[in-house]
Amino acid sequence: MQYQYVVSAHKSSSVVSAASGAFVSPDSRNLLISRGSRLQVMRQQQTASGHLDPVNEYTVNGHLHHMEFLHPADRSTGYLLLVSSKRQFALVAWDEVAQNMVTESTGEFIERTGRPSTRPLVAVDPMTRMFAVNAYQGIVHLFPMGKSDQQQFAVPEDYLVGGLVVP
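Just so you know, we're using our numbering here: the sequence shown kicks off at 492 and counts up by one.
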């Protein structure tokens, strides 16, 4: 039996997506960069030069397709929504005590009978109560913000009128 071991010699350098906001602390502005399977967190200096200092770099098990920064009104810092090419998502936040990123919620949006779209489209409720993912043609998945055990909904696009679910 023959085995193949495939490894990339260099870290991925092309930027897939980027977001900015108060992620690490309420008084700092952060730049979050997704580079394939890596996530970089940078902090902007408060000086006139505005240089970016690296805070941390994380390896993600999977290829990141989309990243969205969410800032709920009841939190001083925001969440980061990560969507992978394997139709999985993670909602992460920064823990100021441990100075590390923690996972708030995870899940997947896999349909056995749908035709996958080329790239998942992600939309967030302006009140940050839930987010929607259109990963399959004709089906929209709705996820409430919060813990993983909350119910998710798969709604046909025909039932969506002006952003509202109409039965």
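Derived by calculation from the structure, the hints in this document are not laboratory data.
Owing to the predicted nature of the structure, the values given are computational and were not obtained by experimental measurement.
No residue lacks a Cβ here, since even glycine has one placed at the ideal position from N, Cα and C.
Please note that the accuracy of each hint is not assured.
[To be verified] Label-pair ranges, simulated between beta-carbon atoms:
#: 1; residue 1: 603; residue 2: 508; range: 23 to 31 Å
#: 2; residue 1: 535; residue 2: 614; range: 35 to 43 Å
#: 3; residue 1: 587; residue 2: 564; range: 15 to 23 Å
#: 4; residue 1: 586; residue 2: 529; range: 44 to 52 Å
#: 5; residue 1: 494; residue 2: 522; range: 38 to 46 Å
#: 6; residue 1: 606; residue 2: 579; range: 13 to 21 Å
#: 7; residue 1: 597; residue 2: 511; range: 34 to 42 Å
#: 8; residue 1: 538; residue 2: 629; range: 48 to 56 Å
#: 9; residue 1: 601; residue 2: 508; range: 35 to 43 Å
#: 10; residue 1: 587; residue 2: 493; range: 17 to 25 Å
#: 11; residue 1: 509; residue 2: 601; range: 46 to 54 Å
#: 12; residue 1: 564; residue 2: 604; range: 33 to 41 Å
#: 13; residue 1: 620; residue 2: 579; range: 30 to 38 Å
Hints, one by one, checked against the model:
1. 603 - 508: 23 to 31 Å: 28 Å, holds
2. 535 - 614: 35 to 43 Å: At roughly 27 Å between Cβ atoms, residue 614 and residue 535 fall outside 35 to 43 Å, so the hint is violated.
3. 587 - 564: 15 to 23 Å: 19 Å, holds
4. 586 - 529: 44 to 52 Å: For residue 529 against residue 586, whose Cβ atoms are near 20 Å apart, the range 44 to 52 Å is violated.
5. 494 - 522: 38 to 46 Å: Since residue 494 and residue 522 have Cβ atoms about 40 Å apart, the given range 38 to 46 Å holds.
6. 606 - 579: 13 to 21 Å: 19 Å, holds
7. 597 - 511: 34 to 42 Å: At 24 Å between Cβs, range violated.
8. 538 - 629: 48 to 56 Å: Taking Cβ atoms as reference, residue 538 and residue 629 lie about 51 Å apart, which means the hint holds.
9. 601 - 508: 35 to 43 Å: Violated, at about 22 Å.
10. 587 - 493: 17 to 25 Å: Roughly 49 Å apart at Cβ, these two residues miss the hinted range, so it is violated.
11. 509 - 601: 46 to 54 Å: 27 Å, violated
12. 564 - 604: 33 to 41 Å: 38 Å, holds
13. 620 - 579: 30 to 38 Å: Violated: the Cβ-Cβ distance is about 21 Å, outside 30 to 38 Å.
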